[in-house]
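Asker: All chains should be modelled from the sequences, with the hints used to inform the complete structure.
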Amino acid sequence: MLPPAAERLVAELERLPGVGRRTAQRLAFHLLRVPESEALNLATAITVVRERIGFCQECFSLAEGDLCTTCADPRRDTTMICVVETPSDVIPIERTASYRGRYHVLGGALSPIDGVDPDDLRIAELVRRVERGGVDEVILATNPTMTGEATASFVAGLLRPHARVTRLASGLPVGADLEFADEVTLGRALAGRRDL
Amino acid sequence: MRPYRDEAVVLRSMRFGEADRILHLQTRHHGRVSAIAKGARRTRSRQGARVEPLSHVELRLRPGSGEMQTVNGADLLTSFDEIRADARRLGIALAGAEAVLRLFPEQAGNERLFDGLVRFLGVVAAEEPREDLALGFILKLVALAGWAPHLDACASCGSAGPLTGYSVTAGGAVCASCGGSSLSEAALHALRDLVGRPLGEAGAPPAAALAQVRRIVADSVAEHSGGSLKTLDQARATSTASK
Ligand SMILES: [Zn+2]
Ligand SMILES: [Zn+2]
Numbered sequence: 001m002l003p004p005a006a007e008r009l010v011a012e013l014e015r016l017p018g019v020g021r022r023t024a025q026r027l028a029f030h031l032l033r034v035p036e037s038e039a040l041n042l043a044t045a046i047t048v049v050r051e052r053i054g055f056c057q058e059c060f061s062l063a064e065g066d067l068c069t070t071c072a073d074p075r076r077d078t079t080m081i082c083v084v085e086t087p088s089d090v091i092p093i094e095r096t097a098s099y100r101g102r103y104h105v106l107g108g109a110l111s112p113i114d115g116v117d118p119d120d121l122r123i124a125e126l127v128r129r130v131e132r133g134g135v136d137e138v139i140l141a142t143n144p145t146m147t148g149e150a151t152a153s154f155v156a157g158l159l160r161p162h163a164r165v166t167r168l169a170s171g172l173p174v175g176a177d178l179e180f181a182d183e184v185t186l187g188r189a190l191a192g193r194r195d196l
Numbered sequence: 001m002r003p004y005r006d007e008a009v010v011l012r013s014m015r016f017g018e019a020d021r022i023l024h025l026q027t028r029h030h031g032r033v034s035a036i037a038k039g040a041r042r043t044r045s046r047q048g049a050r051v052e053p054l055s056h057v058e059l060r061l062r063p064g065s066g067e068m069q070t071v072n073g074a075d076l077l078t079s080f081d082e083i084r085a086d087a088r089r090l091g092i093a094l095a096g097a098e099a100v101l102r103l104f105p106e107q108a109g110n111e112r113l114f115d116g117l118v119r120f121l122g123v124v125a126a127e128e129p130r131e132d133l134a135l136g137f138i139l140k141l142v143a144l145a146g147w148a149p150h151l152d153a154c155a156s157c158g159s160a161g162p163l164t165g166y167s168v169t170a171g172g173a174v175c176a177s178c179g180g181s182s183l184s185e186a187a188l189h190a191l192r193d194l195v196g197r198p199l200g201e202a203g204a205p206p207a208a209a210l211a212q213v214r215r216i217v218a219d220s221v222a223e224h225s226g227g228s229l230k231t232l233d234q235a236r237a238t239s240t241a242s243k
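Top line first, the protein sequences correspond to chains A and B. So for the first sequence, our numbering puts the first residue at 1; every next one is plus one. So for the second sequence, our numbering puts the first residue at 1; every next one is plus one.
Keep in mind that the hints were calculated from the coordinates and are not lab data. Think of the CB as a built atom: it goes at the ideal place given N, C-alpha and C, for glycine as much as any other residue. Any given hint could be a false lead.
Stated by the list, open to error - Simulated restraints on C-beta separations:
1. A:Ile46 / B:Gly122: 45 to 53 Å
2. B:Pro3 / A:Thr78: 52 to 60 Å
3. B:Gly179 / A:Gly20: 55 to 63 Å
Answerer: Structure representation (structure tokens):
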């Protein structure tokens, strides 16, 4: 129905996460309707981001150049490393504005059944960073899922001789009613209760 | 098709789309089911925590036009969170789950399989985590799938023995003239125990016998499912490490 070039755009947009056929068509028509320069700005931004953005050589977050903004910032605390699964996991932790240390992005989580083994993640790089010294605490902030927990306990076993290793607490969402909590989360919140 | 309720164990869970998960389920009455749990990865989702791998749940499922069904609701029967919290238990349980995935792909109810799977998870959650729990469970699965190993006479020629080898293609222990891969007296004894006694009640085999049993289990699953178990090494590594 669409001319081949437009059909190709729709097909490419449809491959994006969360975009179905109808949304892809709406976006494609939008790009055809706006001034040419505006549509080309998007194309340029995509080209530039793919050319310039790579992985930080220190922590494997996204970086423009050798180091990410966190690793390049001399005010960040170098004695703490927060370990996450993916680069996008850095964003919610930065939003808390209560963490001033550095990061380490593993690039996923261990899952032998899916063929993701320790060698497929940046675990050896993390161990080397910690062994180099100067790191007092490693915070394991992998997801509270089976694969995230398995990764945390594996990494903890390797790092424990060299630094204090901590794990993000599991608990109830702030502002929620107790009666709406699921039993697994509430069970962990009970197990991890603290003295007041 | 109309929505229905069934008991299920989550064998595998994969990220899908923005915040969904695709679950591979073993259900009591409908066998293997693939279902999408929408929004399961959002922090406000109550479903997410209930459908983590190895959870025993009661689900409301809605069949779709294709293979994929939709999870409309989940009630937790047993979370088995203590398994996921312990790398050794997890390694053992995942090897069992992967064997179920490989050996029982049918969309047909199998209550013996389902009850056995739930019992296996209960034992892994409660007992000292040992690799032979996984090996024993997988041997029982192979038997339940119709390939019970012959361990009392030569599986190839029928002679009374002595049985000194194991042949996966013959389906059991074999005599010296029929060959097979080497099988010690202790390994034969361990196989009989693991197949014949209730799960978790067989004694721990000595290390050399355990190695032979491990190889037989791996070869049997590969022979009957056309693919090798990826999690077995993990079960071995984690159950011997960190003790
Ligand atoms: Zn960095
Ligand atoms: Zn024979």
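Asker: Run every hint past the structure and note whether it holds.
Answerer: Tested hints:
| no. | hint | in the structure |
| --- | --- | --- |
| 1 | A:Ile46 / B:Gly122: 45 to 53 Å | 52 Å, holds |
| 2 | B:Pro3 / A:Thr78: 52 to 60 Å | 55 Å, holds |
| 3 | B:Gly179 / A:Gly20: 55 to 63 Å | 58 Å, holds |
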